[in-house]
Amino acid sequence: MADQNGKPQAPRTKPRFSATFTPDVMSEIRRAAATGIYDIRGAGAKRALPHFDDLLFLGASISRYPLEGYRERCGTEVVLGSRFASKPIHLKTPVTIAGMSFGSLSANAKEALGRGASMAGTSTTTGDGGMTQEERGHSKTLVYQYLPSRYGMNPDDLRKADAIEIVIGQGAKPGGGGMLLGQKITERVAGMRCLPPGVDQRSACRHPDWTGPDDLEIKIEELREITDGEKPIYVKVGASRPYYDTALAVKSGADVVVLDGMQGGTAATQDVFIEHVGIPTLAAIRPAVQALQDLGMHRKVQLIVSGGIRSGADMAKALALGADAVAIGTAALIALGDNDPRWEAEYEKLGTVAGAYDDWHEGKDPAGITTQDPELAKRLDPELAGRRLANYLAVMTLEAQTIARACGKSHLHNLEPEDLVALTIEAAAMAQVPLAGTGWIPGQGAKF
Amino acid sequence: MPSFDLSRSPRRELNRALHALRQDTNETQWTVSNPEGQHAIAAGLDAPVTVEIEGNVGYYCAGMNKQASVLINGNAGVGVAENMISGFVHVRGDASQSAGATAHGGLLVVDGNAGARCGISMKGVDIVVKGSIGHMSAFMAQAGTLTVLGDAGEALGDSLYEARLFIRGSVKSLGADCIEKEMRDEHRELLYAKLKAAGLAGEVDPAEFKRYGSARRLYHFHVDNAGAY
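So the sequences go chain by chain: A and B.
When we follow the UniProt record's numbering, the leftmost residue of the first sequence carries the number 1, and every step to the right adds one.
When we follow the UniProt record's numbering, the leftmost residue of the second sequence carries the number 1, and every step to the right adds one.
Each hint should be verified, as a subset may be incorrect.
[Said to hold, decoys possible] Incomplete in silico selection of chain B near chain A, CB under 10 Å:
1) Arg-12
2) Asn-15
3) Gly-63
4) Val-78
5) Leu-190
These are computed hints drawn from the structure, not numbers from a lab.
Even glycine gets a Cβ: it sits at the ideal position worked out from N, Cα and C.
Make the full structure from the sequences, and use the hints.
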């Protein structure tokens, strides 16, 4: 290399980006410096985390006998709430739709979720803000969330529900409440929540009338009394201390424990909260299952796992680790049409691209899903979107069955940790399965 | 007049019988004896009946009440009349924490004192406490009225929305975004109506009360208000 006078120069090093101060990190520092406010967004943790991709099924071989993939029966049905409820829930497939509110989602989107879940023979779930007629009407099996805010909570809807889910926390923000920003508070949303339109609506992080597991037991007792013992009572926790939270939920009288890992989505939370509080779904399952086993309640109190479930493989892996069912939220929205490249030009106007759009709190969703704007909401046809969701749920179920048959299982619930190995030491330790090609399970026998 | 002895029959039978009542039932007057602090007594009622309970009740008595009148001749545990939709609940003794929490409607009267978080997240209920209330009362209270003849503890009305608070005695401290507001004629009329509903017309002078409400500075999240949170 020579300068303009032809004098030889020493070679320069290639421009080097920092692994610490990445372009994303620097972009956030500039944004914070310009605005003075933290970043709020929707969805779950976006950072790379140990996940189900780090596990593999072994499949059958000489020592294991497979089932014929296209012929032999592999059961998928699941019963939830059989511990105490006089009317437990029967689902055709162990993948449910997680709680998402009317308010954060449009009425059409809620209807589509109900339609899709019903076609697939599974349940959907309300969210903060209460139950809409569209949702109840189109959901064969509807789980009613009982949240700290109690927005829209009333005993009539409680009795119309098929199950009640007491929300202690969610994986995107264990220990945090919520905020529905004023731009999404239409008159209908405001009316359901007993607040003026256009006002930011804070959802509390603590329940207003109970604290701690002893009180929770009495709260569950009250909900059973009000519904005459018919409805299964779920307790949902964000994954942070899954062994103890599961044990305490069981002690409090839960029929079902819902465990949501940090990849689980939110409608609107601080990015710093989403990315830095809670633990990955993969790390949460075994401690929760261990708690159930220690109490002699595994398969008696059902465990639903959520947070980053995307496929039948993810579902099968969660079940193999001991879950009774999984729940999907973000994946269900994508099936409806969220982040679809067909809206690319409009995503770009919002300063983002299809696939990365996460400003769900702003209510400007081009796909008409995370919005209350009537013109945008019209873009989502609830029948077509519901059909897409049903197709996706069917594919997930077929994929899980394919894997289960290959492992010689006649029901998805017969999958077990012995069917799995891990690709990384971290995943092996978290899932408590051997590192592939070895008999080594890091941390085996360690106490929680 | 049906009577129910909770020392002889389980609460489940009582609540099942109350839930089975039709709107036009003739069994409109119920008495319940020996509650002995049991929880969720008369929870989830939805009929125009009166249930009179002789003694102290535990948590969530008259929880989610609709239409019914529940009279408690004793003290009430945590969350009496929580999430009430309509009707009337009268505690003739003291009430523990979270009395009337998240209640959407109806009237809750406490003859004695109410503990912490009275009226927390209330959404339209009218609450009248003849004694004093504890700390963090009316936290995030959205709508309705809270009338207190005695004093209020720390952090009254923290993060208040549109609920109206009338306090006759002292207030130890106000919570974030809660301020004292001018008491105009329309507020005195409103207060008088609530006092009258609680059977206190002519016994208490509305002019002795101060009104507290939301400054509405926290209605829209803004970094300049970060110090207030």
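Review point. When the nearest CB of chain A is found for Asn-15 of chain B, is that gap smaller than 10 Å?
Key: holds (5 Å)
Check your understanding: Would the stated hint for Gly-63 of chain B survive a check requiring a Cβ distance to chain A of less than 10 Å?
Key -> holds (5 Å)
Exercise for review: Using 10 Å as the Cβ threshold, decide whether Val-78 of chain B counts as touching chain A.
Suggested key: holds (6 Å)
Review point. Hint check: is the beta carbon of Arg-12 of chain B less than 10 Å from a beta carbon of chain A?
Key: holds (7 Å)
Review point. Does the interface hint hold: is Leu-190 of chain B within less than 10 Å of chain A, judged Cβ to Cβ?
Key: violated (18 Å)
The structure shown violates just one earlier hint, number 5.
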